[in-house]
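Chemist: Chain residues, written in single-letter form:
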Amino acid sequence: MTFNRRCKVKKTPTAPPTGSGSPPRYSDEMIPLISRVLRAGVIVSSLVLVAGLALFISQSPAIPPVGPEALTRFAVNGVHGVSHRNLVIITAGLWILILTPVARVAMGLWGYMKEKDRALTVTTSYVLAVLIASFFLGRS
Amino acid sequence: MAIINQMELIVAVSVIAGVIGAMLGLGGGILLVPIFTLLFHIPFRLAVGASLISVIATSSGAAVAYVKDGMTNLRLGMFLEIATTTGAVMGAYLAGVLSTRILYGLFALMLAYSAYALIQQRSEELPDLQHSHPLARRLRLASYYHDAALKRDISYKVGNPYGGLSLMWVAGILSGLLGIGSGLLKVMALDVVMKLPMKVSTATSNFMIGVTAAASAGVYFARGDIRPLIAAPTALGVLLGAVIGTKIMERLKNRTLRYIFFPVLSIVAVEMFLKAL
Numbered sequence: 000m001t002f003n004r005r006c007k008v009k010k011t012p013t014a015p016p017t018g019s020g021s022p023p024r025y026s027d028e029m030i031p032l033i034s035r036v037l038r039a040g041v042i043v044s045s046l047v048l049v050a051g052l053a054l055f056i057s058q059s060p061a062i063p064p065v066g067p068e069a070l071t072r073f074a075v076n077g078v079h080g081v082s083h084r085n086l087v088i089i090t091a092g093l094w095i096l097i098l099t100p101v102a103r104v105a106m107g108l109w110g111y112m113k114e115k116d117r118a119l120t121v122t123t124s125y126v127l128a129v130l131i132a133s134f135f136l137g138r139s
Numbered sequence: 000m001a002i003i004n005q006m007e008l009i010v011a012v013s014v015i016a017g018v019i020g021a022m023l024g025l026g027g028g029i030l031l032v033p034i035f036t037l038l039f040h041i042p043f044r045l046a047v048g049a050s051l052i053s054v055i056a057t058s059s060g061a062a063v064a065y066v067k068d069g070m071t072n073l074r075l076g077m078f079l080e081i082a083t084t085t086g087a088v089m090g091a092y093l094a095g096v097l098s099t100r101i102l103y104g105l106f107a108l109m110l111a112y113s114a115y116a117l118i119q120q121r122s123e124e125l126p127d128l129q130h131s132h133p134l135a136r137r138l139r140l141a142s143y144y145h146d147a148a149l150k151r152d153i154s155y156k157v158g159n160p161y162g163g164l165s166l167m168w169v170a171g172i173l174s175g176l177l178g179i180g181s182g183l184l185k186v187m188a189l190d191v192v193m194k195l196p197m198k199v200s201t202a203t204s205n206f207m208i209g210v211t212a213a214a215s216a217g218v219y220f221a222r223g224d225i226r227p228l229i230a231a232p233t234a235l236g237v238l239l240g241a242v243i244g245t246k247i248m249e250r251l252k253n254r255t256l257r258y259i260f261f262p263v264l265s266i267v268a269v270e271m272f273l274k275a276l
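Protein chains in written order, with numbering that gives the first Met the number 0: chain A, 0 to 139; chain B, 0 to 276.
The hints are simulated quantities; they were obtained by calculation from the structure and are not laboratory data. Just so you know, not all the hints are guaranteed correct.
[Said to hold, decoys possible] Beyond 10 Å from chain A on every Cβ pair, some chain B residues (computed):
1) Lys67
2) Thr84
3) Ala148
4) Val192
5) Ala214
6) Arg257
7) Glu270
[Stated by the list, open to error] List time: in silico DSS-like cross-link candidates among lysine-lysine, alpha-carbon distance up to 30 Å:
8) Lys194(B) / Lys115(A)
9) Lys67(B) / Lys274(B)
10) Lys67(B) / Lys198(B)
11) Lys113(A) / Lys246(B)
12) Lys67(B) / Lys150(B)
13) Lys198(B) / Lys156(B)
14) Lys194(B) / Lys156(B)
15) Lys150(B) / Lys113(A)
16) Lys156(B) / Lys115(A)
17) Lys156(B) / Lys274(B)
18) Lys246(B) / Lys198(B)
19) Lys198(B) / Lys150(B)
20) Lys150(B) / Lys274(B)
21) Lys246(B) / Lys115(A)
22) Lys198(B) / Lys274(B)
[What the hints assert, rightly or not] FRET-style restraints, in silico, Cβ to Cβ:
23) Ile56(A) / Ile101(B): 34 to 40 Å
24) Met112(A) / Thr255(B): 28 to 34 Å
25) Met197(B) / Met112(A): 30 to 36 Å
26) Met112(A) / Glu124(B): 34 to 40 Å
27) Leu108(B) / Ala118(A): 21 to 27 Å
28) Ile56(A) / Asp127(B): 55 to 61 Å
29) Ile101(B) / Val43(A): 35 to 41 Å
Cβ coordinates follow ideal geometry from the N, Cα and C atoms, glycine included.
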């Protein structure tokens with residue numbers, strides 16, 4: 000399991016300073032994992048966005064030569080209701096970016112549940128619920 | 000091929016916003032929304048939608064380094080995200096209801112405050128808090144970090160969680176309304192209200208910004224306010240700009256830069272305010 004890769008975090012101190020009486024870090028195990036997921040999310044979404052934009056430009060429909068506000072006519076569901084395949088790729092890239100922090104929260108929740116940390120489990124569950132609800136709240 | 004020119008313009012502007020944002024320690028959002036609305040005549044809500052995407056990108060990108068360094072207090076971040084995500088969803092919802100003039104007015108105020116914060120001296124002194132608040136103790140929020148400059152581990156306590164939650168809620172609302180990370184308010188909640196060391200405050204704030212913006216972005220996406228051809232070049236541009244800006248910062252003192260940008264931000268604040276009238 001990924002949680003066993005603790006030996007990789009050499010830079011992070013694993014014990015509190017002696018005699019200070021500060022509590023140990025309960026989420027130490029998640030640090031390398033969270034860091035990796037954030038990095039992967041940013042890199043993958045960037046690649047998908049670049050690919051989607053390149054495809055879109057190469058098959059670019061004619062847009063009158065006006066300012067950048069003309070680009071706003073392209074909604075997620077296409078121009079004037081006509082969907083464009085490459086817009087879907089770009090939208091997927093944007094979703095990967097938006098879901099990266101959500102994945103980070105989900106991983107936190109999993110970690111706190113494993114540690115049987117009730118307070119943080121409740122907290123993190125609430126945050127995850129708000130994030131999921133947000134995707135439905137704008138629709139009304 | 001007009002579409003390429005339009006997109007090049009957005010990428011170019013976003014790279015510049017990303018560079019300046021990283022160098023000033025402000026996010027790209029506070030610069031992007033004025034450029035998009037005032038110069039490019041992109042509707043306010045669509046500009047905010049694109050800005051939110053770029054805020055998520057830069058926060059996630061920067062968090063990689065901070066989380067590894069052990070500066071980020073993950074538990075505290077997750078706890079305070081209760082308030083920021085709630086506020087963010089409320090703000091994003093309100094943005095769909097409030098008139099754009101009010102949004103311009105609020106943005107002008109936020110810009111003015113950012114300009115003021117630029118020329119303020121930030122105290123890097125370690126706080127002297129003897130005991131953690133009972134709630135913070137129960138949630139085990141106190142922690143420590145390794146201070147490379149002081150060459151030792153620093154233990155710290157966590158005070159006033161309710162005050163922190165309140166200010167975080169406000170930061171969330173403003174983030175959802177205006178498409179900014181609200182990093183200034185988040186740092187203030189951590190540093191001034193909850194008495195955390197500055198370095199921990201900055202790292203933890205950045206860590207929270209991505210989740211806050213994701214909560215707002217969900218609402219903007221569902222409402223159709225995130226337009227792929229605007230948001231994608233913006234996110235890529237700001238991300239690239241932030242990487243360049245961080246590299247430049249490693250070998251540059253930013254004091255002069257802050258004084259150069261104080262009048263720029265002030266003028267933009269006035270321009271945004273005029274749109275509110």
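Chemist: Each hint needs a verdict: does it hold in this structure or not?
Modeler: Hints, one by one, checked against the model:
1. Lys67: violated (5 Å)
2. Thr84: violated (4 Å)
3. Ala148: holds (16 Å)
4. Val192: holds (19 Å)
5. Ala214: violated (5 Å)
6. Arg257: holds (27 Å)
7. Glu270: Correct as stated: the minimum Cβ-Cβ distance to chain A is 17 Å, above 10 Å.
8. Lys194(B) / Lys115(A): holds (28 Å)
9. Lys67(B) / Lys274(B): Violated: Lys67(B) and Lys274(B) sit about 43 Å apart, past 30 Å.
10. Lys67(B) / Lys198(B): holds (14 Å)
11. Lys113(A) / Lys246(B): violated (38 Å)
12. Lys67(B) / Lys150(B): Between Lys67(B) and Lys150(B) the Cα gap is close to 17 Å, so the pair holds against 30 Å.
13. Lys198(B) / Lys156(B): holds (14 Å)
14. Lys194(B) / Lys156(B): holds (8 Å)
15. Lys150(B) / Lys113(A): Violated - the C-alpha atoms of Lys113(A) and Lys150(B) are around 34 Å apart, more than 30 Å.
16. Lys156(B) / Lys115(A): Holds, at about 23 Å.
17. Lys156(B) / Lys274(B): Not OK: Lys156(B) and Lys274(B) at ~44 Å, beyond 30 Å, violated.
18. Lys246(B) / Lys198(B): Given pair Lys246(B), Lys198(B) holds - Cα atoms ~19 Å apart, limit 30 Å.
19. Lys198(B) / Lys150(B): holds (14 Å)
20. Lys150(B) / Lys274(B): violated (50 Å)
21. Lys246(B) / Lys115(A): Violated, because 41 Å separates the two Cα atoms, which is more than 30 Å.
22. Lys198(B) / Lys274(B): Measuring from Cα to Cα gives roughly 37 Å; hence the hint is violated.
23. Ile56(A) / Ile101(B): 34 to 40 Å: holds (37 Å)
24. Met112(A) / Thr255(B): 28 to 34 Å: The hint (28 to 34 Å, Cβ to Cβ) is violated, given that Met112(A) and Thr255(B) are roughly 49 Å apart.
25. Met197(B) / Met112(A): 30 to 36 Å: Holds: the Cβ-Cβ distance is about 32 Å, inside 30 to 36 Å.
26. Met112(A) / Glu124(B): 34 to 40 Å: Holds, at about 38 Å.
27. Leu108(B) / Ala118(A): 21 to 27 Å: violated (36 Å)
28. Ile56(A) / Asp127(B): 55 to 61 Å: Holds: the Cβ-Cβ distance is about 57 Å, inside 55 to 61 Å.
29. Ile101(B) / Val43(A): 35 to 41 Å: The hinted range 35 to 41 Å holds for Ile101(B) and Val43(A), with Cβ atoms some 38 Å apart.
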